[in-house]
Amino acid sequence: MAPVEIEVILCDAISAPVAHLKIVDKAFQLPLVNDTYNEVTKLAAPLSPFVETVKENVEKVTPMLESGFTTVKTKAEEKLFPQLPEGTTANIQAKFDTAREKVASAVDNLDSLACEGLDQLTSKVPTLKAATPELLKLTKDTTVTYAEYAKEYVASYSLAQIALKLGDKGLQVATDA
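Mapping to this note's numbering: the sequence shown position 139 is 139, numbers consecutive.
Hints are computed from structural coordinates only; laboratory data are not their basis. Incorrect hints may have been included.
Derived DEER-like restraints, expressed as beta-carbon distance ranges [claimed, not checked]: (1) Val40 - His20: 48 to 54 Å; (2) Lys42 - Gln93: 21 to 27 Å; (3) Ala114 - Ala150: 56 to 62 Å; (4) Val54 - Leu21: 25 to 31 Å.
Derived lysine-lysine pairs resembling BS3-like cross-links, with alpha carbons at most 30 Å apart [said to hold, decoys possible]: (5) Lys124 - Lys22; (6) Lys165 - Lys151; (7) Lys151 - Lys140.
Treat the numbers as computed from the prediction; the structure is a model and nothing was measured. We put the beta carbon where it would ideally sit given N, CA and C, even for glycine.
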């Protein structure tokens with residue numbers, strides 16, 4: 001087999017920047033989401049020392065993993081790449097670029113759909129734009145009201161059943177006499 005030029009796909013080409021989603025900004029404009037995030041952050045604060053410990057341990061292991069990766073990569077470049085047909089790397093890179101573009105387009109479309117959905121939701125449920133304490137009070141009051149309605153319904157159902165039974169017994173006594 002004729003020697004071929006070794007072409008390598010750089011790791012930098014693979015690691016794409018994280019897209020900034022518009023839906024995140026839009027959601028954080030709602031007081032409920034913003035307040036919930038702040039409360040979760042406060043609750044998670046005691047876990048911070050544990051996270052730092054894990055981070056330090058990962059930083060200790062990372063150089064060993066990187067050296068192992070470098071060894072595997074070097075062996076692949078020496079043994080595998082010369083056996084590949086010419087232009088394989090360019091072909092793979094082209095397909096990778098196409099896939100990346102399609103994924104980016106799909107993410108943008110989903111982000112736009114999510115923004116539109118959130119706009120529709122907040123227009124149909126305007127109380128979502130209310131301050132969190134006000135929203136909690138309104139939710140509590142509504143829940144209590146519906147619980148009262150359910151209680152009245154169940155109570156009336158029992159009374160209706162008793163009235164039907166009494167009426168049935170009365171008709172039975174009248175027909176027996």
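Which numbered hints are broken by the structure, listed smallest first? Per hint list: 1, 2 and 3 violated.
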